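Asks: On the provided structure of chain A, position chain B as indicated by the hints.
Number of protein chains: 2
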Amino acid sequence: MTKNPTACLLVIGNEVLSGRTQDANINFLAKGLGAIGIPLREVRVIPDVPETIISTVNEVRAKFDHVFTTGGIGPTHDDITSECVAAAFGVPWEPHPEAWARMEAHYAKTPDGVASFNKARQRMATMPRGATLIDNAISIAPGFSIGNVHVMAGVPRIMQAMFATLATTLAGGAPIISRAVHATRAAEGQIAAPLEAIQTRYPELDIGSYPYYRAHGQGVAIVAKGTSEEQAEAAIAEVTAMFEGFGVTPIQGEPDAA
Amino acid sequence: MTKNPTACLLVIGNEVLSGRTQDANINFLAKGLGAIGIPLREVRVIPDVPETIISTVNEVRAKFDHVFTTGGIGPTHDDITSECVAAAFGVPWEPHPEAWARMEAHYAKTPDGVASFNKARQRMATMPRGATLIDNAISIAPGFSIGNVHVMAGVPRIMQAMFATLATTLAGGAPIISRAVHATRAAEGQIAAPLEAIQTRYPELDIGSYPYYRAHGQGVAIVAKGTSEEQAEAAIAEVTAMFEGFGVTPIQGEPDAA
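Quick note, the sequences are listed as chains A and B, same order.
For the first sequence, counting from 1, position 128 maps to 128 in the working numbering; every step adds exactly one.
For the second sequence, counting from 1, position 176 maps to 176 in the working numbering; every step adds exactly one.
Pulled out of the complex, with its shape left as it was, chain A reads as follows (with noise of 0.2 angstroms):
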């Protein structure tokens, strides 16, 4: 897992820090970042806050090998990513001569004609000198790369198309896989000291043990994760004879989640 390039990901937005908004592009990232082989190594949720922006994209792009913002990419007073970034890369926040195009192509369409383009939706085609269009084929305006942040909108459903296109373009390590097995009525303080054991038999994978509390019962999950599905399905088949030595009956897999 060592050759794996690495990702940070930068939630900007006072809405999920004050509770208004429940997260849903850190679990989404995660899973989608494993798959194509670019874990996800840390994740920042910051304010809107110019200094902080900046601040912490010129930290984590230094730390990591790619860095992935969501948030703060519309039109109103609080939507200051773009800038921020032009900023932490000390280059000017200019017209993007593609993305001003894609827009006004768009509102002149609409019942307002081109003067819905206003100054506000024209921020939007505003982006860092040499900035790379993510396409966004749900509301037009465009996400972008520079250098190796990219900036992505954070309603969900348009981050997540964004995503599906900007995938495609990175080049990422072997995709990180998963293998689980779990058993009710099993205690961690009771299956401690054997799985370490065997974590310590594994040392490329990511062996993590997660106590669960299901209407259908309460037990652990241990999940195994790493670049080669042979060695997790191994680590896997030794915690389910571990589980059967203490007498309670392994389930390959995750709990259900009810």
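Treat the hints with caution; some may be incorrect.
Stated by the list, open to error - Derived, one-sided and incomplete: chain A residues facing chain B with beta-carbon distance under 7 angstroms:
| id | residue |
| --- | --- |
| 1 | N14 |
| 2 | S18 |
| 3 | R20 |
| 4 | Q22 |
| 5 | E42 |
| 6 | R44 |
| 7 | V45 |
| 8 | A108 |
| 9 | P194 |
| 10 | A197 |
| 11 | P203 |
| 12 | K225 |
| 13 | S228 |
| 14 | E229 |
| 15 | A257 |
Calculated from the structure, these hints are not laboratory results.
Remember, predicted model here, so these are calculated numbers, not experimental data.
Quick reminder that beta carbons are idealized off the backbone N, C-alpha and C, glycines included.
Replies: Same frame as chain A, but now just chain B:
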């Protein structure tokens, strides 16, 4: 709002970064901290990597008035938050007499008796020297506070029980209150300029604009947050009048979820 103490949340665990687990703690704590006047200013989701946990704890405990952590205090090999917090503070990680007594007494009553208070479970009673306990009404093993860092479980219902106790001990500022109005068929690009003018007139409020896409229609919700109910209501009254000026029908509050 500048006089309120500030909070940072560290979500510690590979399972959130891999997408295995959908975090539920950020939103709960965002609301809970706002309600006691300790607004959440940053969240970081970080992996179970000692150097990352130690350096992040030290960075954010210097930057924010309070740091809350969730995850990594169970008995298995991937639970390393407690020893990393001890390392961050440069204090010994040692048995906590009261936590030890509580857990020993609990396991003495289980079918296997005190023998089931094994090495793995003893780790959960091992804490940074000087830690004060955070009660765990659900599963005994306590969380703890040291300095301005509050270490809680990752399992949502356990974390929520811990936070309920902890919150009563923290000196917060004025609660953050919120008022909202929304209008179907309103567009952010249309209202951006007058909305910015309203934000400028209420510099102590945080006024956010959030598009929504629901089965019952799409539109824009405007949310004003701050410590003054009077100001939030005055700002939302101005937004309501602004919506009326655009010929759309404002509805007080947030849009229905569905």
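Asks: Could you run down the list of hints and mark each one as holding or not?
Replies: We went through each hint and held it up to the structure:
no. : hint : verdict
1   : N14  : holds (6 angstroms)
2   : S18  : holds (6 angstroms)
3   : R20  : holds (6 angstroms)
4   : Q22  : holds (5 angstroms)
5   : E42  : holds (6 angstroms)
6   : R44  : holds (5 angstroms)
7   : V45  : holds (4 angstroms)
8   : A108 : violated (14 angstroms)
9   : P194 : violated (10 angstroms)
10  : A197 : violated (9 angstroms)
11  : P203 : violated (12 angstroms)
12  : K225 : holds (6 angstroms)
13  : S228 : violated (15 angstroms)
14  : E229 : violated (16 angstroms)
15  : A257 : violated (10 angstroms)
Hints 8, 9, 10, 11, 13, 14, 15, counting from the list given before, are not met by this structure.
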